[in-house]
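Chemist: Chains as they are written, first to last, in the numbering used here: chain A, 1 to 136; chain B, 1001 to 1136.
Do not take every clue at face value.
[Claimed, not checked] Pairs of lysine to aspartate or glutamate, EDC-like flavour, derived with a Cα cap of 16 Å:
hint, chain 1, residue 1, chain 2, residue 2
1, B, K1062, A, E114
2, B, K1133, B, E1114
3, A, K62, B, E1016
4, A, K133, A, D57
5, A, K62, B, E1123
6, B, K1062, A, E16
7, A, K10, A, E38
8, A, K135, A, E38
9, B, K1010, B, E1123
10, A, K65, A, E121
11, A, K135, A, E16
12, B, K1135, B, D1057
[As the list claims (entries may be wrong)] Covered stretches of chain B (chain A as the covering partner; in silico rule of three or more C-beta atoms under 8 Å from a C-beta of chain A):
hint, stretch
13, 1055 to 1068
14, 1075 to 1086
15, 1101 to 1107
Worth flagging that the hints you see were computed from the coordinates, not collected in a lab.
Just so you know, even glycine gets a beta-carbon here, dropped at the ideal spot from N, CA and C.
There are 2 protein chains.
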Amino acid sequence: MQQALVEAAKALDADEVPIGAVIVAGGKVIARAHNLVERLNDVTAHAEMMAFTAAADNLGGKYLKDCTLYVTLEPCVMCAGAAFWTQIPRVVIGATDEKRGFINAGVKLHPTAEIVTGVLEEECSKMIIGYFKSKR
Amino acid sequence: MQQALVEAAKALDADEVPIGAVIVAGGKVIARAHNLVERLNDVTAHAEMMAFTAAADNLGGKYLKDCTLYVTLEPCVMCAGAAFWTQIPRVVIGATDEKRGFINAGVKLHPTAEIVTGVLEEECSKMIIGYFKSKR
């Protein structure tokens, strides 16, 4: 999650909502990404989406069956839907997102997927809250 | 929807699940896309995702506020989540997808979005069912 926070900080530097994601397989980081919605002018360019695509590219296979996603904010419905398709078996979340997160929306990941929440939650939350405060 | 079916047929020719999407704004087609999951080796490369990105690129703005999406199969949770972020106000669907579609999953589009189902449903269904039959 520290690595995902490094990615989130890159988003912050680029004046994007500071969300970062990292995908790990076999103890190695195989993808790192941050939110690029503004830079790519694309509302679908969330950190997780970029990380899924990069990880599949890195592995050379469509599915992320032995991977873990670390993401600083709870994925939205779109990203959770993408996680389902990737069959990623483990999703580790920093801050929760009660309003736009997939958990309260009732969206399910792959049936066997493990979800861990609250990892470095305070650091992850602080970065996002700080960003929105600075925008007011 | 005829145009979306033309896109779906391109997917079929490329041995992809035959799903096509078209986005219209001001009476003009501003994006056309088909499923590219196999070609891009990316489970997130659904027709709608590609169309959203292309449409935003075409318009030069992130949001698709005056657009209509025509798609041959009911969007999945991921694509519906993406549609939410685009703020697209109208989604026209060919065949429904009871198993993987967003409607039965309880996912909501943007609150003001209009959803129309059953447009050229038979043609859209036939193409997808035919594809899966040919794979058995």
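Chemist: Each hint should be assessed against the structure and marked as holding or not.
Modeler: Now the hints, each set against the structure:
no.: 1; hint: B:K1062 to A:E114; result: 33 Å, violated
no.: 2; hint: B:K1133 to B:E1114; result: 33 Å, violated
no.: 3; hint: A:K62 to B:E1016; result: 14 Å, holds
no.: 4; hint: A:K133 to A:D57; result: 36 Å, violated
no.: 5; hint: A:K62 to B:E1123; result: 29 Å, violated
no.: 6; hint: B:K1062 to A:E16; result: 14 Å, holds
no.: 7; hint: A:K10 to A:E38; result: 13 Å, holds
no.: 8; hint: A:K135 to A:E38; result: 15 Å, holds
no.: 9; hint: B:K1010 to B:E1123; result: 15 Å, holds
no.: 10; hint: A:K65 to A:E121; result: 26 Å, violated
no.: 11; hint: A:K135 to A:E16; result: 11 Å, holds
no.: 12; hint: B:K1135 to B:D1057; result: 35 Å, violated
no.: 13; hint: 1055 to 1068; result: holds (count 6)
no.: 14; hint: 1075 to 1086; result: holds (count 10)
no.: 15; hint: 1101 to 1107; result: holds (count 3)
When the structure is compared with the earlier hints, violations turn up for hints 1, 2, 4, 5, 10, 12 and for no others.
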